[in-house]
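Undergrad: In case you want the letters, here they are:
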Amino acid sequence: MDNTTALPISIRSLTKKYGDLFALKAVDLEIRSGEFLTLLGPSGSGKTTLLMAIAGFNHPDSGSIRFGDAEMVLTPPHKRDVGMVFQSYALFPHMSVAENVGFPLKLRGMAVTERKARVEEALDTVQLSGLGKRGIDQLSGGQRQRVALARAFVFRPRILLMDEPLSALDKKLREQMQIELKHIHRQLGVTTVYVTHDQREALTMSDRIAVINHGELAQVDTPEAIYNKPANEFVADFIGESTMLQLTQDSAGRLTFGDSVVASEAPDPSHKDWSLVIRPERLRVLAKDASAGDRHVIFSGTVTDAVFQGETAFALVKLTGGSTLVVRFGTGAVSEGSRLEAGQSVSVGLIRDDLILIPSDSAQ
Amino acid sequence: MTQTASTTGQAQALNEVALAGQERREQWTLLGLSTPAILVIAIVVLVPVGWLFYLSFVGSDGEFSLEHYKKMIEYKSYARVFMTTFQVSLLTTLICILLGYPLAYFLAHLPGRWTGLFMLAVLLPFWTSLLVRTYAWLVLLQRKGLLNDLAMQIGLWDSPIKLVHNMTGTLIGMAHIMLPFLVLPLYGAMKKIEPDMMHAASNLGASPIRSFWNVYFPLSVSGLVAGALIVFVLCLGFYVTPAVLGGGRVVMVATQITAILEYRFDWGAASALGVVLLIATIGVLYLAGRFFKFDSALFGKG
Amino acid sequence: MSWWTQPATQTQITHGDRFWLYVTAAIIMLLLVIPTFIVVPMSFSDSQYLAFPPETWSVRWYEEYFGSRKWMRATVTSVKIGTLTTLVATPLGTMAAYALFVSGHRAARAIFMLLITPMIVPVILIAIGAFYAFGRMGLNNSITGLVLAHTAMATPLVMILITAALRSYDLNQERVARSLGASRVKAFFMVTLPQIKFSVVTAALLSFLTSFDEVIISIFISGGSNATLTKHMFAALRDFIDPTIAAISTIMVAVSTVLLLTTQFIGSKKS
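Residue numbers (this note's numbering), protein chains in the order written: chain A, -14 to 349; chain B, 15 to 316; chain C, 46 to 316.
Incorrect hints may have been included.
Here are a few chain B residues that sit away from chain C, every Cβ distance over 10 Å (derived from the structure) [what the hints assert, rightly or not]:
1. A165
2. I207
3. L233
4. V235
5. G251
6. Y253
7. R304
Covered stretches of chain A, as calculated for chain B (at least 3 residues, CB under 8 Å) [what the hints assert, rightly or not]:
8. -3 to 4
9. 244 to 255
Source of the hints: derived by calculation from the structure; they are not laboratory data.
All values reported here derive from a predicted model rather than from experimental measurement.
Note that beta-carbon positions come from the ideal geometry of N, C-alpha and C, so glycine has one too.
Looking at chain A on its own, in the form it has when it is part of the complex:
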């Protein structure tokens, strides 16, 4: 299918209050035509409110939602031409699979023969060919999910919205569906907005991720950028594992932690307080005699726990200053790390090129 049906979504200063609480606080978001954008945030962050506003199910207090050039914020849901998949799938139990998928086509007055062909085509896309006559109660969880998806795109909407569609599936099926959804998205080329609270799911599937917290966008970027260059403490903490170390700026303007000099200058001189975000898998256990030189920032401490987890293992290292670092390493090759034992003194290093420095924000 070609991409001409996809539409960009432009959201401007969208605000929604429940009583005194902001569910959405002047949100601005540009969703590109045909992209897979994930709204990621903890529960109550406003991600679902934003999705429902795009679908037209809740009225924002103010703001604008444009599909392409058309202002949609006042348009009722049934005139928005938006496909939607709910967490509960919300399949119609009084209709067969084919009737469910054909429902939007029937509403659009499509002739029966054409409708049949389109339904079969959609079921084919989600790998459910030939199951049209089944009742909803005869389907497994994964199959229901696929029917809900087919029903949402069968009428070729310009925008597809999904509200945690995989959360009811077990882990294995969920991971399989993530890949499949991504595949279907590429095939359809439709602008897709996806809501989840599962960061791994967001990292796996998205072209871009919009991290949302307290009704505000914390960061909008590609999965790599969100992971490697978190814009603030919230994103650094919410995405991936991390340890955050509060740095101090010495008289020479250097950022230090204990005895270690982390950076010779702050990335942005206008901000005074900085934190170092450490991803456990970026830490290297250094040989005792290794001269780390300028390549690494070095932390020394004592191993308090060493935990084997199968494909990876991790160790907790208590630093002299009192903070605890998590060091994660693969178990594929017997590495220096796998020899760690509790009680052992150790030095760990972080490659200077990989440093993630973010402005401290005591408000978070």
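Here the structure of chain A is known, so what remains is to put chains B and C in place on it, guided by the hints.
TA: Frame of chain A; chains B and C shown alone:
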């Protein structure tokens, strides 16, 4: 005005007015769907009851007066009516609790396939006209009725006993009509008690009787109170059964109200009595509501 | 191991321990059911007096009933009013229940409470109130007045049943339908209604019964050629015992039983 300007930095936030208008329109359309029902209930219940409330404060001279309420305090006959009403309601409720609790317990512990069948024993009377059931009791309890025949045959008593047109008959009939109102909410509450609770109790060494009183009964109390309350409140205003089975000897508030209208056509007095009945009903519900939380809706007829 | 010594629950109680519970429950259930059905054999008695069991059997009371203009007219009135009440109360209550359930408005709860007042206000008060007010509106002894009053009594029942049905229904289905292109009205009729239809049917049957069995309001506001069956029955019960009542009662019990079994059948088919 100034507040809007300062918070948003412009006179009006984007689409604010249009969105608010749409929200309002949708809300009103939805609430509008309930207007026909509101109208009917206003015409049949709210306005007329309000009217009676007004009438109860109009004296025989057409001026505002408390005479109808004063009479209720001064006249002994009124006190007797209130006493009878309270007595009948309380006794009926007690009988219903005594009979209803074991029955609900039995029903709640039936295997699933039997529940439907035995539930019919409760639902069928519930769905049958109370006039028919009152009539049946009238026949059963009369001097030459089935009950007297049976009792004399097995030697319980020698000569026919007067079982109807008195308090006994009224209570029997009332209890029969009210029992389903107690059993249904109680059954609902008992069904919600997790069997695991009882297993846990017995695992912890409680004897069946102890685990019943310490675990099961407290958990079923909300359903019991809800049911008892419905019964009590319905009894307060009951008319048909006492009128027929009481045979004029059991005068409750509802009976008195009709009598006042029938013989004296005194709207003020009848209204005042009705207002007192309403206030008592609401008072009981309010008091109970303060002490217990109910999730079951009230079912009522009679 | 016999049934007697088998455990009745997963704790240590056996059916034998429960013996007295079963006996008590059986007696209470008999006491509940017998008076409901005792009218059946009585109605086939030949005697003027209500003896039980009847010495000779006959259908004379049915002949009496079907031959009486008064009873026939009252029956027609009651059926007519019951039907009209069902036709009015079911959509009214369903509409209101749906609207109040879907709307998150602050007023919704208050309106709901307002609409179930007929269940809280003692019926005698509603009866005399309606009698008084209808007298001024010229609605006493009219079909309109009776249907109006019975609708007020049946609507709360409909609302409670429909609200319960909506609670166990996933409203997202309606949202999906709307996102797929159905207007709110279409979504309701195509998706929501088919799924709560069993409750709607039950509510309709209960509405009919509420009206058909209603006594007190009918005593006050029905009369003349529009007197209901229950009004005549009540008068007959209070003044003298006419065995025709047994025949009518039997018919009423039959109607109730059929309606109840219908709802039970629907309920079992649903699950």
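Undergrad: A separate judgement is required for each hint: does it hold in the structure or not?
TA: Verification of the supplied hints:
no., hint, verdict
1, A165, "14 Å, holds"
2, I207, "12 Å, holds"
3, L233, "15 Å, holds"
4, V235, "19 Å, holds"
5, G251, "3 Å, violated"
6, Y253, "5 Å, violated"
7, R304, "16 Å, holds"
8, -3 to 4, "holds (count 3)"
9, 244 to 255, "violated (count 0)"
Consistency with the previously given hints fails for numbers 5, 6, 9, ordered from lowest to highest.
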